[in-house]
Amino acid sequence: MIVKTIKVDQLARVEGEGALKVVARDGVVQSAELNIFEPPRFFEAFLRDRMYSEAPDITARICGICPVAYQMSAIHAMENALGVVVDGPLRDLRRLLYCGEWIESHTLHVYMLHAPDFLGYAGAIEMARDHADIVRRGLNLKKAGNAIIALLGGREIHPINVRVGGFYRAPRRRELQPLAEELKRARDGALATVRWTSGFDFPDVARDYEFVALRGEREYPFNQGRIVSSRGLDIAAAEYDEHFEESHVEHSTALHAHIKARGAYLTGPLARYALNAASLSPIAREAARDAGLGPVCANPFRSIIVRSVEVLYACDEALRIIDDYQEPERPAVEIEPRVGTGYAATEAPRGMLYHRYRLNADGKIADARIVPPTSQNQPSIEEDLKTFANAWLDLPDDALRHRCEQTIRNHDPCISCATHFLRLDVDRGG
Amino acid sequence: MARIRPRLAVWKFASCDGCQLSLLDCEDELLEIAGEIEIAHFLEATRATVEGPYDLSLVEGSVTTAHDAARIQEVRKQSRFLITIGACATAGGIQALRNFADVREYAAIVYARLDYIQTLATSTAIADHVKVDFELRGCPISTRQLVETISAFLAGRKPQTPPHSVCVECKIAGNLCVMVGHGTPCLGPVTHAGCGALCPSYNRGCYGCYGPMETPNAPSLSAWLGKLGMDEDALKRVYRTFNANADAFREESERHDR
Ligand code: SF4
Ligand code: SF4
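From first to last, the protein sequence lines are chains V and W. When we follow my numbering, the leftmost residue of the first sequence carries the number 1, and every step to the right adds one. When we follow my numbering, the leftmost residue of the second sequence carries the number 1, and every step to the right adds one.
Rather than coming from a laboratory, the hints here were simulated on the basis of the structure. It is possible that part of the hints are untrue.
[What the hints assert, rightly or not] Facing chain V, from chain W, some residues (calculated, C-beta under 10 Å):
no., residue
1, 17
2, 30
3, 61
4, 97
5, 110
6, 119
7, 122
8, 127
9, 128
10, 130
11, 134
12, 160
13, 164
14, 224
15, 242
In this text, all values refer to a predicted model and were calculated from it rather than measured experimentally. Note that beta-carbon positions come from the ideal geometry of N, C-alpha and C, so glycine has one too.
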């Protein structure tokens, strides 16, 4: 029997700390593990007894790459618990903020974390030696996303201007104008990015995923929508716990999310695109068509193209929002604390993010639950490895290892945000 | 002949990755910095790693596991200069809230299997474990101060990060004081400068993400905050966020912890 073990002890170009291990016997992959050794940070525990209003600032610290997603999910869940609906220009500003995060985070992933895999570089800085103009285009695009967050949120990482009920200060129309100029350039850069990534050389693989994403009534989803799947699921965020569960898997070091009685599923760009492509803006739809994506893309390596299409959409949508923006009368709606439970799911760049809070009458949090995208995608990532790696077993170790790393990076797993990933010591014996 | 560039390493401990992302967020300076410095170890950005020793180590995150307590010793040994970046590395970060609680209770809230959890009872700053040459504060650090710090290192001078309070920056920004003007509680008077008085510029009180300034008078501020309507529990919580374990904030929060 020939046993082959491929290990990568420290995954690079992902956020956080993780490792992977694939074991093959007689040429067949037996197991694939993505190990998370990010130390636990206990967010759900220390949210207890904090005021509802503190949750957006605290949960932002779960992840520096997608703090807006955490803030928005917490805010929407709180508003759900408190019976508040925020609409009109304030809702539009939240969409705009989310556009900024998608542009910034997706561009970081596309240019700095993922593209070097296809072009044979260790990272973007190495890539810049041969392709300075391309890397500069990426940095400029990312900067446009950050400019939105900095203006609306005060700063790029852990924005300070959002709150339950709205914002501390709403921008004036004229403040948004310089942003529009930058975004027009960014939109050209985003279009060029779709063309660029669609020319990469992709392994010819695909999997029959159950895709899960939000679906808005008419918009491509950011903050709101029903949770739908490619196999017929269609529920409100409040029903998430009835249909999804997290469990320990014996061979794994992390909590895995599953659809009850069905198993692994995938969230993120591929899922959003498969379930919402019709509500992309015309320019993004056209770019997707020209890039050869079809109505569903089931090849995870091509997720880099879908991500680029979403960047293009986010630039376009941001411009639309700025164009239509009317200054609100007040930056936030009044909030009265009350007993209640609130649920929300939003679309972080890497996939759906679910929050649930129970509030006491004085506005303090009695209980919090947060399910980040990585925890949801992890079973699918391992299944990708198990399925695809069989065909690569003849590659030399280094090349095989690189392919496996790429398979993980396809999904942009954000390991720091894995609030309840854990390190497992099987043989500690109590 | 190629110049010998100083070698930079970026290390991560318990954190959100936000402070090291600040380096990648220097969109205008990144390629220039990469020209001056050899990025020898920066896993978030590149697979390529060069063996130590390193001239400059940037350390993000706090120490929360026995493994990390040992790892920081290794990092120190390999680093000529060691700079901590952010509230996690300089004060234990938000995860230091466990220092005020029973960590086993915390773990039980989040996880089903307590025996699977490996963690220390505390989250501590890097300086509690090894000698630190310079501390850059903030949650997150500011990109402007990061560029200044790296430039100062390259030029062999001391970085200019003023020790005064956020109030000074607030005056420079020409803000109306939210405390005097609107009666909004603000930690600006005791908080280290660096953000440019961000929160007051957005009509909100400072929440102390840069940690305590040098010689803050927190008890006096608390008396003012009490007059603005904050009860003991609110006073405890306001000091217990991202720099909860920094001495001045910890002591003041404990004064209001009945
Ligand atoms: S200090 Fe704040 S931004 Fe920096 S790593 Fe810690 S939590 Fe993240
Ligand atoms: S608003 Fe806050 S930071 Fe600004 S002067 Fe007043 S107390 Fe100081």
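Hints and how they fare:
no.: 1; hint: 17; verdict: holds, 5 Å
no.: 2; hint: 30; verdict: holds, 6 Å
no.: 3; hint: 61; verdict: holds, 9 Å
no.: 4; hint: 97; verdict: holds, 4 Å
no.: 5; hint: 110; verdict: holds, 5 Å
no.: 6; hint: 119; verdict: holds, 6 Å
no.: 7; hint: 122; verdict: violated, 12 Å
no.: 8; hint: 127; verdict: violated, 19 Å
no.: 9; hint: 128; verdict: violated, 16 Å
no.: 10; hint: 130; verdict: violated, 18 Å
no.: 11; hint: 134; verdict: violated, 21 Å
no.: 12; hint: 160; verdict: violated, 20 Å
no.: 13; hint: 164; verdict: violated, 20 Å
no.: 14; hint: 224; verdict: violated, 20 Å
no.: 15; hint: 242; verdict: holds, 7 Å
Hint compliance for this structure: hints 7, 8, 9, 10, 11, 12, 13, 14 are not met, and every other hint is.
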